[in-house]
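So the protein lines, in turn, are chains C and Y. Position one of the first sequence corresponds to residue 637 (my numbering), numbered consecutively onward. Position one of the second sequence corresponds to residue 133 (my numbering), numbered consecutively onward.
These are computed hints drawn from the structure, not numbers from a lab. Among the hints, a few may not be true.
For lysine-lysine, the following BS3-like pairs were computed, each having C-alpha atoms within a straight-line distance of at most 30 Å [what the hints assert, rightly or not]:
hint: 1; chain 1: C; residue 1: K849; chain 2: Y; residue 2: K219
hint: 2; chain 1: Y; residue 1: K273; chain 2: Y; residue 2: K300
hint: 3; chain 1: Y; residue 1: K148; chain 2: Y; residue 2: K219
hint: 4; chain 1: Y; residue 1: K345; chain 2: Y; residue 2: K300
hint: 5; chain 1: Y; residue 1: K213; chain 2: C; residue 2: K849
hint: 6; chain 1: Y; residue 1: K273; chain 2: C; residue 2: K849
If you want the footprint, here are the derived chain C segments under chain Y, 3+ residues with CB under 8 Å [stated by the list, open to error]:
hint: 7; stretch: 701-707
hint: 8; stretch: 837-846
From the three backbone atoms N, C-alpha and C, an ideal C-beta is built for every residue, glycine too.
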Amino acid sequence: MSKILLSGHLQYFGVALFAIVLLILPLLAGPYPIAVLVDIGFYSIVTMGLIILMGFAGQISLGQAVFFGLGAYVSGILTTQYHLSPWLALVLAAIATGGIAAIIGRAMLRLRELIVAGVTLALNLVFYYLVTSLVDLTGGASGMTNIPRLSLDGFIPEYTLLNYYLVWIIAFLLLIFSLNLVNSRVGRALRSMNQLAGGSEETAQALGVNIMKYKVQVFALSAIYASIAGSIYAYYIGCIEPDTFGVQLSVRVVIMAIIGGMTSPWGAFLGAGSIVGLTELLREFMPVLIAGPTGAYELIAYGIILVMALLFLPQGLISICHRLVPQGGH
Amino acid sequence: MKGNFFRLNSAANPEKERERDIMEQPILEIRDISVAFDGLVAVNRVSLSVRRGDIIAIVGPNGAGKTTLLKLITGLLPLFKGEIWFKQQRLDRIAPHRIASLGITQVFQDIQLFSNMSVIENVMVGCHVWTGADFLSTGLKLPWVRAEEGSILEAAMDKLSLVGLEQKAFAAPSSLSWGQQKLLGLARALAAGPELLLLDEPYGGLIADEMEKISQLILGLQCQGITVLIVEQLTGVVMSIANRVIVLNYGEKIAEGTPSEIQSNEQVIATYLGNGLAGK
Chain C
637 MSKILLSGHL QYFGVALFAI VLLILPLLAG PYPIAVLVDI GFYSIVTMGL
687 IILMGFAGQI SLGQAVFFGL GAYVSGILTT QYHLSPWLAL VLAAIATGGI
737 AAIIGRAMLR LRELIVAGVT LALNLVFYYL VTSLVDLTGG ASGMTNIPRL
787 SLDGFIPEYT LLNYYLVWII AFLLLIFSLN LVNSRVGRAL RSMNQLAGGS
837 EETAQALGVN IMKYKVQVFA LSAIYASIAG SIYAYYIGCI EPDTFGVQLS
887 VRVVIMAIIG GMTSPWGAFL GAGSIVGLTE LLREFMPVLI AGPTGAYELI
937 AYGIILVMAL LFLPQGLISI CHRLVPQGGH
Chain Y
133 MKGNFFRLNS AANPEKERER DIMEQPILEI RDISVAFDGL VAVNRVSLSV
183 RRGDIIAIVG PNGAGKTTLL KLITGLLPLF KGEIWFKQQR LDRIAPHRIA
233 SLGITQVFQD IQLFSNMSVI ENVMVGCHVW TGADFLSTGL KLPWVRAEEG
283 SILEAAMDKL SLVGLEQKAF AAPSSLSWGQ QKLLGLARAL AAGPELLLLD
333 EPYGGLIADE MEKISQLILG LQCQGITVLI VEQLTGVVMS IANRVIVLNY
383 GEKIAEGTPS EIQSNEQVIA TYLGNGLAGK
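Pulled out of the complex, with its shape left as it was, chain C reads as follows (with noise of 0.2 Å):
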């Protein structure tokens, strides 16, 4: 019972020592850091779905920019066509996307995982001649423009440093409800029945859990994770396009998880921060070693990092907070 309650201790811990650091980095950092971890903070809402999904569910996706780019054309279409209010709009998109991924869900998480993982892919496809199809709703190819920003006037005027604020603080509650859901009745049912990491499916329904019930809500679950950081973004950025929304940003995400971590919540903000990190460095600074044009080097040197952190980080960023700090077990 100590231990557990010593787990529980040190995870409020972590996360007032993440809140304190939140709130300080932008008094130290300059525009452009914050224009960065403003990124890092949208990656890292869909990377903690997506870790919730596949880390604990055992569900793979490959389509959570689906997810993403529906967040962004529902909040999109719901403030310059219907002139709701951002936030308004922002809680019916995710209950929309939520909605739609439950029904994808139903008719697609009965097929094994990697077929799973193959279907999710498709979707990528599938959203995006959606989205180029339906030009007078979605702007087609050349996207929507005039989106409305979000505003908390007279609070925070500068604007990178609201959306700074407002992605951080979502972020924040939704790992405080993800950290909640782990380690819980619900947490445990997803990890019984996970079975590419020691679960078992045949075992979890002899125990009573519906695993069909449970496979169908956290994969709406994680789609309403990246609905809400689609949303944002979409706010954030004033116009969006069907390009942002494709295969790249599911894959992309998929490796957060994989190099962050996928045996907590944590590992989002990990993997996120290190691949949007990497990514910013290598573009950095790549030029100074490296005459002319540097893309291609760019992305040969992304990849070898990322090769080398699997190879000896198998379980991601987060197994060295796992020796760090010790386990409840719970």
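Following the hints, complete the assembly by docking chain Y onto the known chain C.
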């Protein structure tokens, strides 16, 4: 005179009479069930009835259909023909998780512990059937969810203490010996609060002391009113604790009776026990 008194008494109390009727009815009834895989018949027209509080042993050689029979009861395999009834409720059209919530839990032959969880968490999953927190309420950690988590933890520790594994609560299941893993599987199943417990080869791979411990636990469960259905190849050990024994061979029931009746049954001796094992 005494009989009349009881009859008059129960007639005056229909609730009690109904309760007594329910208690006297079989808790599990299997009627003429069959199942085949790729044309190969695994269970062929098997019928049996299990009374509440009994320990029933199903024995037979490899491939006799014993494990298949258990999986048919828990709904993990679809039934080809026949009916399975549990407490007057037909099971063969119900999903496995619903069957578990009715009060049937199975311990698998290979235990199938969740290696991605600690020992205590494995047992906590067993409490899933009688708890109800969902995604939203757990994510928000509502007060009633905290209370429920507390009772899950308490129940899980209680079951671990019952099997003597409380000191291993935070260990990884892989760090346990085979015998301890068997006990953990049993604790996890008991956490579900079953009325009917299905044990698939609970003695497999155990040493004599561990077998004795499992037997004592099973007898203890019987005292608590839990009905136990054991599938086992080691006939000697189950003969000592079972009320009745059912013998399967090539998917067919070839005999049923008390342990002593089975041990002297010529067909059973000829097909399964052999002269050396009869009477052991």
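> Hints broken by the structure, by number, lowest first?
Replying inline: Result: hint 7 breaks, nothing else.
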